[in-house]
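A.B. asks: Protein chains in written order, with my numbering: chain S, 1 to 152; chain W, 1001 to 1279; chain F, 2001 to 2287; chain U, 3001 to 3659.
Each hint should be verified, as a subset may be incorrect.
Listed next, the in silico DSS-like pairs over lysine-lysine satisfying Cα-Cα at most 30 Å (straight line) [as the list claims (entries may be wrong)]:
(1) W:K1073 <-> U:K3614
(2) U:K3397 <-> U:K3545
(3) U:K3108 <-> F:K2204
(4) F:K2135 <-> U:K3350
(5) U:K3614 <-> W:K1072
(6) F:K2204 <-> F:K2126
(7) W:K1096 <-> U:K3108
(8) W:K1068 <-> U:K3461
(9) W:K1193 <-> U:K3128
(10) F:K2272 <-> F:K2234
(11) S:K33 <-> U:K3023
(12) S:K131 <-> U:K3141
(13) F:K2087 <-> W:K1148
(14) U:K3545 <-> W:K1068
(15) U:K3256 <-> U:K3232
(16) W:K1073 <-> W:K1007
(17) U:K3611 <-> W:K1072
(18) U:K3041 <-> S:K33
(19) U:K3350 <-> S:K130
(20) U:K3485 <-> F:K2234
(21) S:K131 <-> W:K1072
(22) W:K1073 <-> W:K1096
(23) U:K3234 <-> U:K3199
(24) W:K1193 <-> U:K3524
(25) U:K3611 <-> W:K1073
(26) S:K131 <-> W:K1148
(27) U:K3461 <-> S:K117
(28) U:K3461 <-> F:K2234
(29) U:K3524 <-> S:K33
(30) U:K3397 <-> W:K1275
(31) F:K2087 <-> F:K2204
(32) U:K3611 <-> W:K1096
If you want a taste of the chain W side facing chain S, the calculated C-beta under 10 Å gives, among others [stated by the list, open to error]:
(33) I1074
(34) R1143
(35) V1147
(36) Y1159
(37) V1160
(38) Y1161
(39) Q1200
(40) S1202
FYI, nobody ran anything at the bench for these hints, they're computed from the structure. Heads up, the beta-carbon is just placed ideally off N, CA and C, and yes, glycines get one too.
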Amino acid sequence: MPVEKSFEPAIVAFCCNWCTYTGADLAGLNRMKYPENVHVIRVPCSGRVNPQFILRAFQKGCDGVMVCGCHPGDCHYSTGNYFTRRRFMIMKRLLEYNGIDPERFHARWISGSEAAKFRDTAAEVSEHVKKLGPNVKYREEFRITESAEAGT
Amino acid sequence: MSEKQEKMRQCAEKLLRDGEAGYVIGWGETRFDDRTTPIFVEDPAGAGAFVWNEYAINSLAKYLLDDKYPDKKIGLFTRGCESRAINRLLKDNQIKRENVYLIGVPCDGKKSDRCTLCRERNPILYDVLLWTPEDDPPPAAGRFDRVKDIEAMSPDERYVYWGETYDSCIRCYACRNVCPACNCRECYADMSKTGFQGKQHSRSDNQIFGVTRAFHVGDRCIECGECERVCPMNLPIMGQTQKILKDINELTGEYECGMDATSENYLGRFDLDDKDEFM
Amino acid sequence: MESTAKSYRLATEYVMSRIGVELVEIEDWNCCGATSAHTLSELMGIALPARSLATAELKEPELDIVTGCASCYARLRLAMHKIRTDKAAKYLIENVIDMPYEARREVYNFLDVLSREDVTEAIKGKIKRKLEGLKVACYYGCLNVRPALITGAPDRENPQSMDAIIALTGAETVDWAFKTECCGAAHQNDAASVTRDLSWRILKNAQLSGAEVIVTACPMCNLNLEMRQDGYRKNTGRSSIPVFSVSELLAVAMGASARHIALDAHHVPAAKALAAALRRSEGGVAI
Amino acid sequence: MSRIGVFVCHCGTNIASVVDPDKLIAAARELPGVAYAADYKYMCSEPGQQMIKDSISEHGLDRIVIASCSPRMHETTFRKMLKNTGINPYMLEIANIREQCSWVHVDKDRASEKAVNLMRMAVSKISKNEPLYAQTIPITKKALVIGGGIAGIQAALDIADAGHEVVLLERESSVGGKMAMLDKTFPTLDCSACISTPKMVDVGAHPNITLMTSCEVESVSGYIGNFEVGIKQKARYVNHDICTGCGLCETKCPVKVESEFNLGLSTRPAIYKLFPQAVPSKPIIDKENCRLLKGGKCGICAKLCPLGCVNYEDEDRTITDNFGAIVIATGYQLVDWPSMYGEYGGGRYKDILSGLQFERTVNAAGPTEGHIVRPSDGKEPETVVIVKCVGSRDPNKGKSYCSRACCMYAAKHAHQILEKLPGTRVFIFYIDVRTPGKGYEEFYDQTRMDGAVYVRGRVSKIYEEEGQLVCRGEDSLLGEQVSVKADMVILETAMEPSPGIAELTSLLGAARDVNNWVQEAHPKLRPAETQVGGVFLAGTCQGPKDIPDTVAQASAAAAKVIGLLNKSEMETSPMISAVERDKCSGCGVCVGICPYKAVTLLEIDDRHGAKRIKREVANVNSGLCQGCGACTSACRTGALDLLGFRNKQILEEVDALCL
C-alpha cells in the first residue's frame, strides 16, 4: 500500500491522572516540544485501561497506542499499576502474536515529574509509528479503503 | 469396556433411586455408531441409557451452568477434563460444590483430537471413583508446540495467519458456549451498546472477537480443547489462549488452570517483583 | 613467592600436600597489575588479571582459581565480576587480551579455601602439635575483603575466617582493631614514609592488644609489616614482633620443621616465638 | 438531543498565540449536539464564568465543554461554577489545549488541528455524560490515635479538648515515647520531663480520652468516618483496675534484665514500670523474663502485693471499637548503628554511646543520676568526640536522608558536657551544620563559644588503644587526616521509622515512601494526611523532625480530625465504580483487585425462571471506593463501570480522535 510522505499518524495515549497526565502537563509548563499527533486521554489510573480500549483504537484507525501510568510502587491507588503491568505484559504479547507490530503499542511508566520522559516517549513512539506507516491491521475495512485512496 | 459401562449405570441408578441426585448427566447412544450425545437421566429405570465407549467425547461440565440453582444434586460423570472444568466453575463462583455429585470415571482417551494433548485423564475432584485411575499417556506433542510455530513467523505473517483464520469465522459463538471459562451471565459479545464488539461479519470484527475472547479466558483456560472441537469451521482457536498460558509460564513459572478451585487467576493478583518491560 | 615470600610458598605447599589438595600453577601467568596498573588505565587494570584468568579457563576449564595474595585476589576477582556483569567491558577486554573469557569458574583467596568445611576438617586431622597460648593477631589485609561488592566478604571490619583457621593450631587470636587496615602496599617503593606510618600503626595496635605474633594472608602485607621493624623499634622503643603467613603456622602445627619451610628466611627472627609456644604445649618439642 | 456548549479560552496569549480559537469555534459549530460555541480571553475569570452562566440560560445548554488549561488546574473551579446553574457539575469536560497543545507545539496550523481533535474528543465524551450526585456517609464521632509519644499525646489532647472522644493507643506500658527519655530540649534547654510529664498526666486524666497501653492494632476495616479497629490488649499480668501503683512488687523481684528505657545502661526487674513517671503509673510483668511465667518457681510479687493485683493467668485480649478518624503517630527509633558501622567497632566498645544513651546518661533521673561518666569504668571523660550523621546522609551505609534533629542535639550534648564538666575537650565531627529553626543558629554559635571544636569531616575509624578510643578521620577544611584520642564517643545516629510500621500501614492501606516513612498525601499541601481518607499523620512516623515540628504537625492532624468529626455526615466523590447487577455473574475477580477492599460479594434475592433464588453479585462500598477503576478493566462483562469515566465515554473519545 502506498504511504504518503506526509503521513501523520494518529496516536492515542491513555494516561493516568496522577502521574503521566501530570507529567504531560509539566512538559507543557516547561514548554517542551513533541509531535502534535499524540493525543492524551485522561483516566484515573492505568488500571482503568481496559485492553478492549486498545483493540477499539486500532480498529477505529489509531496508528499507535500508548498506556502510561505511575511507576510500580508509586500508584496513587497503591496497587493499580501492578495489575496494569501484568495485564499489558500479556496483552502486548497477544497483540504481537496476532500480528500487530511491536512498535505500535507501548506501555510506559512516567511519573508526574518526568516531563522530559513524556516528551521523549511521545517523540519516540511518533517516530516509530511514522516509519511503519498507517496501520491497516484490525482496521475497519472501509477505513482501509479510505486511507488507501488518500495515499494514491 | 462393558464392565465399566455397567458400573456407571449401576452407580447412576443407585443415586437416582436413593434420591441422592435429581438427575445424572452422562453420554447416551445416537443413531450413529460413531457418535454419542450428552443425556440427562431422571428416572432410575433409565440409567441403562448411559454408554461408555471411545466416542464419549463431549465434556459435560458446562451443562451445570444451565441449572445453577438445582433443588437436588446433579450427578455428573467426571473425567480429568470435566473435573478441571468444575474447578474452573467453582473458582469463578458459578456453581456450589454441594450441588453436584461427581462420579469419577478415569478416562482411557477418546477418539477426538482434543484428547491427543490431554495430560490429565483422571478426575482431580470426585465424590466416588468407579475404577482405578488410568496412566496418563505421554503427550503427543509439546504443550505449546503450535504456539511456538506461530511465534516464529513475522508480524505480517502472523497477521495473515490469524486474519485468514478469522475470515472463516461465522461468529456462531459455539466456542464460547462450550467453554467452562466463559461463564458470564451475559457475554460482552452479545451486548449491543458497549462499543467493545462490532457486529459486522468482517475480518476486523471477527479478529477483535477472537483476541478479546482469548484475553477474557486466557489466564483461566483449562486447555480442554472443547472450543476447537465444537468449531464448525475447524479453526485452531485454542492457539490464542495457549499463547497467553505460555507467556504466563514464561513470566512466572509453572502455571496451569483448573487444578484446584482456590488458586487466584494470574490477572487477578500480582507480585511486587513481577517482570517489567515497561520501564 | 619464589624470593621474598619463600617461606609462605613452602609452607603453603606443605599444608596443601598434607591435606591432599593439588595446586596447579597457571601456565604463562602474568602480573595482575596489583595496586598500580588501574591507577594508570582502568582497562589495563582489568585486562591484565583477565588474561591470566582466560589462560586458566583455556588450559584448566574445570579448576577454580586461588591466590595467596590480597592484591592479586582483588584484581582477579574484579576481572571475574566485570566479565560477568558488564557486557561492554567483556567485549573490550576480550579484544585486548585476544582470548575469550567467560568467567565460568570462581576466584578465591587462600583464606576462602582454608575456610571450606572439608578443608577445615582435613586440616584438623593433620594437626600434630599445638601452639598453645601463642597470642596471634590475624591480619587480613584490606584487599582480601574489599570492595565488598566484589569480594562478597560478610564483614569488612572484623572478619573471622582467619581467626577460625588459626584457632585450629591451638593458638589464641586476639581481638584487635586493625585486621583490615591498609599496610601501604606498593607505596613502599614510591612513598616509603606512607607505608612506614601505616605499617607501624598496625604493629603497634597488635602489640597493644596483646599479640605476640602477627599472621598475614598476603606476601605483600607480610613484607611491609616485617621489613619496617628496625625503624619501628628505634622510633617507638617497642620490641619487634614476628610476622608469619597463615600457612606457616598451619605447617608448623602439622609438624613441619623450620628448615622445611625456610623459617630462617624471615627478617624478624621468627622461630623463637613458635618454639616457645610449642614448648608450652608439649613440654619441649623442638621445632 | 443534548445541547452542548463549547467555550474556548485564549488564556491571554498562552493559548491564542498558537491555537486559533476561531478554528475551534467553527469546528465546534459543525459537531452534532453542539448548541452554542464561544470564546473568551480568560474563561476562569469572573466575567468568563458569568459568560458561561449566561449562555446556559440563554441557549438552554445541558452540558459544557471548556477548551482551556489542564483539568487539573480548573476542573474544580468550573464544577463549582456549575453548582449554581441548572447543570449538574459533572456535566463538564475540559479539553486540555494549553499544557498539552499550545505550550508544547510550535506549528500553528497543526496545533490548531490538534486542539480541534482534543475539543472534539471532549464533545464526544460529554455526549455520554450523566449527572452524578455525591452520596453522604455517617461519621462515628470518635478518634483513634496510634502511638503515645509527644505527637500522639498532643493530637489526642487537641481532639479531646474540642469535645470528641479519643482512644490513645500505646504499645509500651506507658505513654511518653522518646521525649520522656530526653534530658533537656534545644535550644531553650528546658527540661524535657518538666514539659512532657504534665501532658502525660493530662491524657491520663482527660474525661474524653481513653488510654490504652500495652496495646497494638490487630485489624482495620471500614473507611473514613466508619473504621472498625481490632485492638490487641497484651497481657499485663497486673490488674490495673485495682493496682495503686505503690511499687512494692518491684522491690523484691529476683530478675534483673537490661532496662529498655535506659537503653541497656541499667537494669530493671521483671515486674516493672517503664520509668518512674509512667502514665498509667502501674507496673506490668514482662513475660519473657518473669521467672514464674517462664515455668520456674517464684510468685514473690503476688505475695507482696497488698491488693492481690498480680494475675499470672492473664491473657491477650482483642477489643473491637469503631472510629471516625485515625491518627498515626508511631514515631521513630534510632538506626542500629553497630550492624552498620563495623569501622566504629560494631558495638564492641562500651564507651561509644548513641545520642539517646547519652540523653539517659546526662538525665538526672537516669542510671548515673546525671553524672557524665564512662560506662566502662565510671570515670569522667576528659575528651569527648561527637560524631554526627551516623547512618544518615550516607546512602552506602544507611539512609540517604538528613535526620534533621541531630545537628541541634549534637550541639546540645556538647553544651551539656561543657556545662557539667568544665575543661572537657569536645570535638564534633560534622558534614554540615544545619540549624534552620528559631534560636537554633544562636544556640550553635553559643556552643562553639563554650569551647566545642567543630571538625568538618567524617570519622573513618574508631578503635580502642591503651584504654582510649582513637577516632580517626579527615578534617576536610585542613585537608588532613586527624586522629583524636577520646575517652567517650557519642554517635548522633539517624532516625528511622519505628518497627511494625509496615504492618500497621498495610492494615490501614496507607503508603510508605522509599525509606519506609509513612507517605503524606501531598508533600506540601497535605502534610498531615495519608492518601487514605480519614487516616492522618503526626510526628516522626512521617519523617525525621524535632519536637516543635512534631507538636505542630500533631495539632495540624488534630485540626483535620476535628474538622471531620464536627460533621455529622460527609459527602463522597460520586466518580466511583458502579455495578450493573443484571450483568454481574458474581465471579469475584474484582474483589481481589480492589486496593481498598471496597468491592465485596453480596447475596441478593433474584429469580431464575420461576424460581426464587439467592445469588452473589459484586457490591461497591461508596465510602471505600476511591474511583481508580481497576475493577472495571478486570470485569469481562462490563458489569462494573466507572462513573465519570465510563467505558462508553472513553470509547467515544477514542472514536472521535479517529474520525
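A.B. asks: The structure should be examined with respect to each hint, and the outcome stated for every one.
C.D. replies: Here is what the structure says about each hint:
1. As the CA atoms of K1073 (chain W) and K3614 (chain U) are separated by approximately 17 Å, the hinted pair is consistent with the 30 Å bound.
2. Between K3397 (chain U) and K3545 (chain U) the CA atoms are separated by roughly 21 Å; this keeps the pair inside 30 Å, and the hint holds.
3. Distance restraint check for K3108 (chain U) and K2204 (chain F): the Cα-Cα separation of roughly 79 Å exceeds the 30 Å cut-off, and the hinted pair is therefore not satisfied.
4. Taken as a hint, the K2135 (chain F) and K3350 (chain U) pair is honoured in the structure, with Cα atoms around 23 Å apart against an allowance of 30 Å.
5. Of the supplied pair hints, the one linking K3614 (chain U) and K1072 (chain W) holds, its CA atoms being roughly 16 Å apart against a limit of 30 Å.
6. Restraint check: the Cα-Cα separation between K2204 (chain F) and K2126 (chain F) comes to about 33 Å, which exceeds 30 Å; the hinted pair is violated.
7. Between K1096 (chain W) and K3108 (chain U) the CA atoms are separated by roughly 64 Å; this puts the pair beyond 30 Å, and the hint is violated.
8. With a CA separation close to 74 Å, the supplied pair K1068 (chain W) and K3461 (chain U) exceeds the 30 Å bound.
9. Of the pairs offered as hints, the one joining K1193 (chain W) and K3128 (chain U) holds, with about 12 Å between alpha carbons and a cut-off of 30 Å not exceeded.
10. At roughly 21 Å between alpha-carbon atoms, K2272 (chain F) and K2234 (chain F) fall within 30 Å of each other, so this suggested pair holds.
11. Proposed proximity of K33 (chain S) and K3023 (chain U) is supported: the alpha carbons are some 22 Å apart, at most 30 Å.
12. Proposed proximity of K131 (chain S) and K3141 (chain U) is contradicted: the alpha carbons are some 62 Å apart, above 30 Å.
13. Taking the CA atoms of K2087 (chain F) and K1148 (chain W), the gap is about 29 Å. The hint holds against a cut of 30 Å.
14. For the suggested pair K3545 (chain U) and K1068 (chain W), the alpha carbons sit about 60 Å apart, so the restraint of at most 30 Å is broken.
15. With a CA separation close to 27 Å, the supplied pair K3256 (chain U) and K3232 (chain U) stays within the 30 Å bound.
16. In summary, the hint linking K1073 (chain W) to K1007 (chain W) is supported, as the alpha carbons are separated by about 20 Å, within the 30 Å threshold.
17. With a C-alpha separation of about 14 Å, the suggested pairing of K3611 (chain U) with K1072 (chain W) holds against the 30 Å cut-off.
18. For a cut-off of 30 Å, the pair hint linking K3041 (chain U) to K33 (chain S) stands: about 24 Å separates their Cα positions.
19. At most 30 Å may separate the alpha-carbon atoms for a hinted pair to count; K3350 (chain U) and K130 (chain S) exceed this at roughly 70 Å.
20. About 24 Å separates the Cα atoms of K3485 (chain U) and K2234 (chain F), which keeps this hinted pair within 30 Å; it holds.
21. Between K131 (chain S) and K1072 (chain W) the alpha-carbon distance is near 64 Å, which puts this suggested pair outside the 30 Å criterion.
22. A hinted pair counts as satisfied when its Cα atoms are at most 30 Å apart, and K1073 (chain W) with K1096 (chain W) qualifies at roughly 10 Å.
23. In summary, the hint linking K3234 (chain U) to K3199 (chain U) is supported, as the alpha carbons are separated by about 24 Å, within the 30 Å threshold.
24. At roughly 45 Å between alpha-carbon atoms, K1193 (chain W) and K3524 (chain U) are farther apart than 30 Å, so this suggested pair is violated.
25. Of the supplied pair hints, the one linking K3611 (chain U) and K1073 (chain W) holds, its CA atoms being roughly 16 Å apart against a limit of 30 Å.
26. Proximity of K131 (chain S) to K1148 (chain W) is assessed by CA-CA distance (about 28 Å); at most 30 Å being required, the pair is judged to hold.
27. Simply put, K3461 (chain U) and K117 (chain S) have alpha-carbon atoms about 43 Å apart, too far for the 30 Å limit, and the pair is violated.
28. A hinted pair counts as satisfied when its Cα atoms are at most 30 Å apart, and K3461 (chain U) with K2234 (chain F) qualifies at roughly 27 Å.
29. With a C-alpha separation of about 29 Å, the suggested pair K3524 (chain U) and K33 (chain S) falls inside the 30 Å cut-off, and the hint holds.
30. For the given pair, K3397 (chain U) sits about 28 Å from K1275 (chain W) by alpha-carbon distance, which is consistent with the 30 Å threshold.
31. For the hint linking K2087 (chain F) to K2204 (chain F), the alpha-carbon distance of about 45 Å lies beyond 30 Å, and the restraint is violated.
32. A threshold of 30 Å between alpha carbons decides the hint, and for K3611 (chain U) with K1096 (chain W) the separation of about 17 Å falls inside it, so the pair holds.
33. With 10 Å as the threshold, the beta carbon of I1074 (chain W) stays out of range of chain S, its nearest partner Cβ sitting at about 34 Å, so the hint is violated.
34. Because the beta carbon of R1143 (chain W) sits about 16 Å from the nearest beta carbon in chain S, more than 10 Å, this interface hint is broken.
35. At about 8 Å, the closest approach between the beta carbon of V1147 (chain W) and any beta carbon in chain S falls short of 10 Å, and the interface hint on this residue holds.
36. With 10 Å as the threshold, the beta carbon of Y1159 (chain W) comes within range of chain S, its nearest partner Cβ sitting at about 3 Å, so the hint holds.
37. The interface hint given for V1160 (chain W) is met, as the beta carbon of that residue sits about 7 Å from the closest beta carbon of chain S, less than 10 Å.
38. Restraint check, Y1161 (chain W) versus chain S: the minimum CB separation of about 8 Å is within 10 Å; hint holds.
39. Against a cut-off of 10 Å between C-beta atoms, the interface hint on Q1200 (chain W) holds, since the closest Cβ of chain S lies about 8 Å away.
40. The interface hint given for S1202 (chain W) holds, since its Cβ lies 6 Å from the closest Cβ of chain S, which is under the 10 Å cut-off.
This entry does not satisfy hints 3, 6, 7, 8, 12, 14, 19, 21, 24, 27, 31, 33 and 34, going by the numbered hints stated previously.
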